[in-house]
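Protein chains: 2
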Amino acid sequence: MTDNDWDDDANPWTITGMTQPFANDWFRIDAHDVIHPNGQPGTYGVIRIRRLAVGVLPIEPDGRVHLVGQWRFPLGRYSWEMPEGGAEPGEPALACAKRELAEETGFTAGKLEPILEMDMSNSLTDEMAVIFLATDLRPGAARPEPTEVLKRRSAPFADVLERVADGRLRDSMTVAAVLRAHHMAITGRIAPGLARAMLGR
Amino acid sequence: MTDNDWDDDANPWTITGMTQPFANDWFRIDAHDVIHPNGQPGTYGVIRIRRLAVGVLPIEPDGRVHLVGQWRFPLGRYSWEMPEGGAEPGEPALACAKRELAEETGFTAGKLEPILEMDMSNSLTDEMAVIFLATDLRPGAARPEPTEVLKRRSAPFADVLERVADGRLRDSMTVAAVLRAHHMAITGRIAPGLARAMLGR
Chain U
0 MTDNDWDDDA NPWTITGMTQ PFANDWFRID AHDVIHPNGQ PGTYGVIRIR
50 RLAVGVLPIE PDGRVHLVGQ WRFPLGRYSW EMPEGGAEPG EPALACAKRE
100 LAEETGFTAG KLEPILEMDM SNSLTDEMAV IFLATDLRPG AARPEPTEVL
150 KRRSAPFADV LERVADGRLR DSMTVAAVLR AHHMAITGRI APGLARAMLG
200 R
Chain R
0 MTDNDWDDDA NPWTITGMTQ PFANDWFRID AHDVIHPNGQ PGTYGVIRIR
50 RLAVGVLPIE PDGRVHLVGQ WRFPLGRYSW EMPEGGAEPG EPALACAKRE
100 LAEETGFTAG KLEPILEMDM SNSLTDEMAV IFLATDLRPG AARPEPTEVL
150 KRRSAPFADV LERVADGRLR DSMTVAAVLR AHHMAITGRI APGLARAMLG
200 R
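Line by line, the protein sequences are chains U and R.
In terms of numbering that gives the first Met the number 0, the first sequence opens at residue 0 and continues consecutively.
In terms of numbering that gives the first Met the number 0, the second sequence opens at residue 0 and continues consecutively.
Just to be clear, a hint being listed does not mean it is correct.
Because identical chains share one entry, a pair is satisfied inside a single copy or across any pair of copies.
Under the rule of at most 20 Å between Cα atoms (straight-line distance), these lysine to any residue pairs were calculated in the SDA-like manner [stated by the list, open to error]:
#1 150 to 10
#2 110 to 165
#3 150 to 35
#4 150 to 8
Calculated directly from the structure, the hints in this document are not laboratory data.
All values reported here derive from a predicted model rather than from experimental measurement.
Working from the sequences, and respecting the hints, build out all of it.
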């Protein structure tokens with residue numbers, strides 16, 4: 000263990016074998032036999048996610064944020080979030096962001112700007128996410144996928160930010176997007192008029 | 000689809016069967032047979048994570064943040080992050096935060112404050128995270144788990160924040176924690192002296 004450098008170290012793991020005990024259209028399990036960094040044999044099951052996660056935070060000139068609500072089956076709970084989806088193989092993140100925004104809200108965005116990239120749960124999965132800020136919005140008809148039952152609402156940015164801060168909005172991509180948009184508004188990385196509207200100044 | 004209420008809807012899914020095709024010490028797969036909200040039959044594989052994810056952002060009075068670096072096997076990449084770990088069954092999040100902070104950095108914190116809760120990847124997993132801000136730090140000897148090879152470093156909060164903003168720090172819990180700490184410093188939710196040190200004002 001050394002202190003105070005940003006240097007990357009080399010891979011300390013050795014892979015001695017692998018099986019794939021489960022796969023579906025969304026992910027597969029790579030069950031590795033490994034030699035741990037400390038030299039001991041073991042196993043490491045990695046959940047490989049087939050799609051890039053893409054999220055879009057749509058904000059109006061007056062600071063209102065558009066959100067969608069849906070029942071999240073894995074949680075057994077309802078969740079309000081920004082529009083999100085998965086990029087199909089070969090689909091660029093930007094194209095996916097446009098598609099999900101249109102499908103879930105009907106909006107097209109005059110400006111779609113990448114504002115954050117994340118590794119979602121890096122001890123267990125290889126899932127990555129790209130988040131966009133959508134502005135200059137033009138309304139249209141939403142057309143959610145047949146398996147999606149969505150509600151929509153908008154709320155002032157300040158209200159959405161408070162719901163993130165107190166845990167009422169809990170989706171990690173939405174949490175990160177809203178906090179990043181706040182950071183951008185505070186640090187002059189969002190147009191002054193919109194920043195003022197978001198911050199209520 | 001309705002507009003403009005925060006109300007939750009009832010569960011629109013029906014579960015007609017389930018198998019558990021894979022399990023290890025970290026997660027299991029619940030492969031459900033379902034009736035989709037639109038009435039069509041299908042399947043929904045849920046990755047059930049056995050541990051609550053816990054992260055700790057340790058900040059010194061002068062605004063320096065302590066980070067740990069490690070090779071993340073699922074990504075095949077090195078990653079700098081705040082101290083993180085999983086709460087064992089029955090272990091409260093706060094106790095886990097204390098333990099991970101001590102194991103990975105040696106520090107004990109005079110103040111450990113929960114600042115964020117998130118659902119990590121809610122279309123595929125039930126993983127949840129709780130994030131703490133650690134201040135009033137007292138140094139000690141780090142004692143990482145035998146399977147962990149960690150480097151440590153500290154950096155000014157402003158540097159860490161820029162690395163989050165530009166995607167060099169990508170771990171989702173760290174990203175959210177750093178942006179939430181910025182939000183707290185800006186909005187008077189961190190002691191004024193520390194907030195000034197973090198923001199360089």
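Structure-based check of each hint:
1. 150 to 10: between (45 Å within a copy, 13 Å between copies)
2. 110 to 165: So residue 110 and residue 165 pass the 20 Å test across copies only (19 Å; inside, 30 Å).
3. 150 to 35: between (47 Å within a copy, 16 Å between copies)
4. 150 to 8: For residue 150 and residue 8, only the inter-copy Cα distance (9 Å) is at most 20 Å; the intra-copy one is 46 Å.
Violated hints are absent here; each numbered hint is respected by the structure.
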